[in-house]
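Protein chains in written order, with my numbering: chain A, 1 to 246; chain B, 1001 to 1245.
Check before you lean on any hint, since a few could be wrong.
[Claimed, not checked] Facing chain A, a subset of chain B residues (Cβ under 8 Å, in silico):
1. Gly-1005
2. Leu-1051
3. Met-1052
4. Ala-1121
5. Gln-1146
6. Val-1147
7. His-1150
8. His-1178
9. Ala-1179
10. His-1182
11. Val-1194
12. Leu-1196
Rather than coming from a laboratory, the hints here were simulated on the basis of the structure. Because the structure is a prediction, the values reported are computed rather than measured. Note that beta-carbon positions come from the ideal geometry of N, C-alpha and C, so glycine has one too.
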Amino acid sequence: MAREQQLTKVFVEVADSLIDDFDLIDFLQRLSERCVELLDVAACGVLLADEHDVLQVLAASDEDTRLLELFALQYDQGPCVECYRSGRPRTNIDLADPNASQAWPQFTPAALQSGFLSTNAIPMRLRGRVIGALGLFQTRDSTLSDADTALAQALADVATIAILQQRTLAHSETERGQLQYALTSRIVLEQVKGILAERWQVTPDEAFAAFRAYARSHHHQLSHLARLIADGEFDTDQIPRSPRHR
Amino acid sequence: MISDGMAEVLRLLQRDEGFDAAADVAVLAAVTLGVTGLTVSLATGGDRAELMWCTDEAAGSFEDLQFTLGEGPGPEAVRGDAMVLVPDLALVRPERWPALSVEAAGLAARAVFCFPMGIGAIRVGVLTLVRRTAGPLTDGQVGDAQVLAHALAGRALGSVVPGPNGAAPADSADALLHAVVHQATGMVSVQLDVSLPQALLRLRAHAYSSGRPLTDVSRDVVARRLRLDLNGNGDGNPLPVSDKD
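Working from the sequences, and respecting the hints, build out all of it.
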């Protein structure tokens, strides 16, 4: 598909989601997948700062625990942390460059070990404040052009808008409240991955795949369904354990 | 970034010098947050809440009232998993909290700010700040209050409060920020057929007794290299553990 067509698809998806009741984590995950396609990168993650100024993964293009842990490693070091602190994008960072392993001694080898050659971090900004970062990884020797970076920034802005848009309560919800709700939703999802993994004797990744397939096909919001499961208010036997992957 | 005042509150909280000291810490927290008083209510299952902190009668009365009526910013924060900030109670439309709007008129609370305490689906309680005068919290005060609520949640779940600037002991509330710990909590809750907070306590007890970081223990649980038994012990690792519950 030509990039223009892909972009059109993304805009339609975004518009559809934001005018309706949508699930933030699911939306951000789809957005991460689109980032991978549009920017021709191998992996993408959306990281949001919590109340301790620690970056937490809200969603990633691939829910593989290994990738999530790589993003999570950036809680105190890595390009996303620097991008979050400076508010400026960091693009085309060569992970094989000795400077990279010197600057981020834990993050860099872990990223290389996962097969990534370079990485990028794009700030998520909200009215002059930085609230998180978009992390992009490449496995091939390719660079992001200025146009790619501008597009990545636009997608990061869409992610920010989505976070603020997720729950339009009738009351005076604050932006910080929205951020808090987003982070809490993600934690509930991780707890539920564990619950389902143990009930079904599968890995958390497999449990999540089955859970998400069920939620999507039954038009449940991921976060809402996760909450019901965590509270013991949903019979998880209703969820088929081996979803069709294709 | 948390303020110096809140860093001091967290430091005192960590020292944990008994009930009287806790009362002083609560008062200091209220001063730091620029409010008249505050309460910390712990969810004890069902709709009942237990007051852990209460700096003064006005704050206590307000807390009692909203939990008796089952409506107000506190219950709303707990149910909605997000803070509820009310800079001026007089400006709240009566239909939002009908009973509270009638009853609260006689109380010395003009601004109320509620911060849920919890970790994902684990709801621990709520931190409520009360001020006699109207007006919003500053952005810094909101951040401080969030950090305090998290520290209190970790404490209620048997953990150590993180030090200022993220400096923390090996087994700390910081560990409660890792996805693998949340996954392991979910798994243990099913293995032992206990609630999520109890599962987290078992994990913590095991980490403590085996002298390993909570994140490492959690990774082993998720990879199924470790399975906790009903006493919180791992297979082939029969260390005696005295469980609190």
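Hint-by-hint comparison with the structure:
no., hint, in the structure
1, Gly-1005, "violated (16 Å)"
2, Leu-1051, "violated (23 Å)"
3, Met-1052, "violated (20 Å)"
4, Ala-1121, "holds (3 Å)"
5, Gln-1146, "holds (4 Å)"
6, Val-1147, "holds (5 Å)"
7, His-1150, "holds (6 Å)"
8, His-1178, "holds (7 Å)"
9, Ala-1179, "holds (5 Å)"
10, His-1182, "holds (4 Å)"
11, Val-1194, "violated (12 Å)"
12, Leu-1196, "holds (6 Å)"
Consistency note: the structure conflicts with the earlier hints numbered 1, 2, 3, 11.
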